[in-house]
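Here the protein sequences come in this chain order: A and B.
Under the numbering used here, the first residue of the first sequence is numbered 208, with each subsequent residue one higher.
Under the numbering used here, the first residue of the second sequence is numbered 49, with each subsequent residue one higher.
Be a bit skeptical, because a hint or two may be false.
[What the hints assert, rightly or not] Mimicking DSS-like on lysine-lysine, the simulated pairs with C-alpha atoms at most 25 Å apart in a straight line are:
#1 K105(B) <-> K69(B)
#2 K121(B) <-> K156(B)
#3 K166(B) <-> K573(A)
#4 K565(A) <-> K156(B)
#5 K557(A) <-> K54(B)
#6 K69(B) <-> K565(A)
#7 K54(B) <-> K732(A)
[As the list claims (entries may be wrong)] Covered, in the sense of this in silico footprint (three residues per stretch, anywhere, with C-beta under 8 Å from a C-beta of chain B), are these stretches of chain A:
#8 271–277
#9 334–347
These aren't lab readings, by the way, just hints derived from the structure by calculation.
Beta carbons: idealized from backbone N, C-alpha and C, even for Gly.
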Amino acid sequence: MHFNPHTILPIACLIFALCCGVFVLSKNPKAPLNRIFFYICLNITAWFSFYIPFNFNTSESTLLLWFRISYCFISFLPIMCFTFITTYLNAPQNKLWYQVNSSIGIIFCLISLFTPWMVKGVSYYPWHPYPTAGITHPLLIIHCAYLAYFTFKLRLDALKNKTISTKSKSHIKYMSAGILVLGGGALDFIGNYNIPFYSIGYISTAAFLVIVTTAIVKHQLMDIEIVVRKSLVYSILVTLITLIFLTLVLLTEKLSQNYIGYHNLFNSITLSLVIALIFIPLKNKIQSIIDKIFFKGTQEQIAHENAILKEKVLQTEKFKAIANLASGIAHEIKNPLTVLQTFSEHLPQKKDDPEFIKTYQTLVPKEINRINALVQDLLAFAKPSQPQFETINPNQIIKEVISLASLQANNIQIKQNLEEDSTTLKADPNQLKQALLNIIMNAIDAMPNGGTLTIETTLSSPKASVGNPAYTITISDTGHGINAQDLKHIFDPFFTKKHNGTGLGLSITKDIIEKHGGTISAESKLTNGTEIRITLPI
Amino acid sequence: MPHSKKILICDDEEGIRESLKLILCDTYSLIIVDSGEQAIDTLSKTKDIGIVFLDIKMPKVSGMDILKEIRKKHPSIKIIMVTGYKSVETAAEASRLGADGYIIKPFKSETILETVQKNLK
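This is chain A alone, in the form it adopts within the complex:
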């Protein structure tokens, strides 16, 4: 093996590209953007693999074959980057245009592999061998430039769109910066024309990978404006430091060649170790200086903007909830109002009709009570009182609730399987009773022809569970059950399948449990009954 120090960074970039691709894909394997980025990283990995044979005594024919194979991957990189940008911008994708450009990539790939027209030979530079351009090589460059032009045209069109948000504009600038930086790798084409130009494409490629990986994974919800500036400045920094490192390596090799002997690995490794040791502290120091000079208040700005964004999201959710609530209120109140309106309209003519009076006396008070109950539930829902916490014995609360509910539980067997009586927890006893009563009454309503209501409690100890100890109450019935579609909505306000329910009971229950720091969940299958599980912290 013949170690070539000029391959260290390109091979590091190869490994970095593979890691970035896998990392981004693992974050969201189903997202098209993540998948395309992974393929781009695979492509870059394959491309940079041509640096590997420089460390071995590889024959010219093998080198040529290796270069030709790597050009197969380079042929597809421009169309992949273009696809990446169009996917990112959600731009319309002209199928024919894609087919044509992909076909051009395939043609270049075949030319590279089977003919000398893309890579006709090997040029030997002091740092490492390099592919020599064939007659079709300029066409590849033109194809890259052509796609780069369309990429930036798409970007300009997207930025001109007045309907897109400032945040999206920042995202687009960020991605464009990434692609522009990658384009810096095109300088490597100079070396293909027998001009001894030291290839630094891996530096711009590494910067591109950093920018895009960060954009996809970390900065999706932040204002990217600041990150764009930061990343570009840091990329330039990394480039400068790397260039300094390269210069030092070259100088050391020259000195070694003159005084010690060229094949002295020790100098290169020592220098690499020194640079590696000082690189991170040096980078951090420069970063903090740049932060102070250019990005003063950056973290505060980002935190402030995040807070504004969060508030806007909460406000939108609030308005949506209010709209749903208003719609639900309107609907629930209209039925009782219909009854009151109709009966009051007919009262003058029918006041002497005993049957009318009997129906009037049955229905009208009932509907008035219904409106009143709705108002009470709404108040409890809209302005829930803060829980007054005290130490309670949950078993005692459950027994009281069961005793209340059993008055209405005709033909229903109630089974209790409660944890030891010594357990206590902090809760508002009245609110907890209300929450449990809502659930138990629903269970009873689900069993009009009788059934079994089971209430169980379990205590998870700190050893048995991950996290804090918890007290779990499970209430299950053998009623008609709830279908999967409705199950998703049972905790939504005004959602009810009952004749006489307001649809607010479980919403209020959920609110109470959550204010106690607990969780509530439901499982059910049609005709198999329902199970509601409440977990409260101890």
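Assemble the complex: chain A is given as a structure, and chain B must be docked to it using the hints.
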């Protein structure tokens, strides 16, 4: 003398059933049910039903599904949807499924009577 055609009232709310009964019982023969399944069953067994008042929001099976079912089997029966939701989308959907009218709660007695007279011509 009651009209020759009968009116079927289908609503899960007792108050709405009684309200419609109060408005219509003096002039029309009424059949009152409290679920969509009963409505379909009644329509298959009883002739001379001219109009169905059908609530949209009912437990188990919604009024829209019952509307579809009735329309398939009884194309000539007039179906009037009764609902508390005032929305263009729901009205359009009901019309698309074959409803002949749409009444919003709370309704006036005159509105109900006019709707019946218009549809039983």
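Going through the hints against the structure:
1. K105(B) <-> K69(B): 19 Å, holds
2. K121(B) <-> K156(B): 31 Å, violated
3. K166(B) <-> K573(A): Answer violated: K166(B) to K573(A) is near 33 Å, above 25 Å.
4. K565(A) <-> K156(B): Roughly 22 Å separates the two Cα atoms, so the pair holds.
5. K557(A) <-> K54(B): 23 Å, holds
6. K69(B) <-> K565(A): 14 Å, holds
7. K54(B) <-> K732(A): 40 Å, violated
8. 271–277: violated (count 0)
9. 334–347: violated (count 0)
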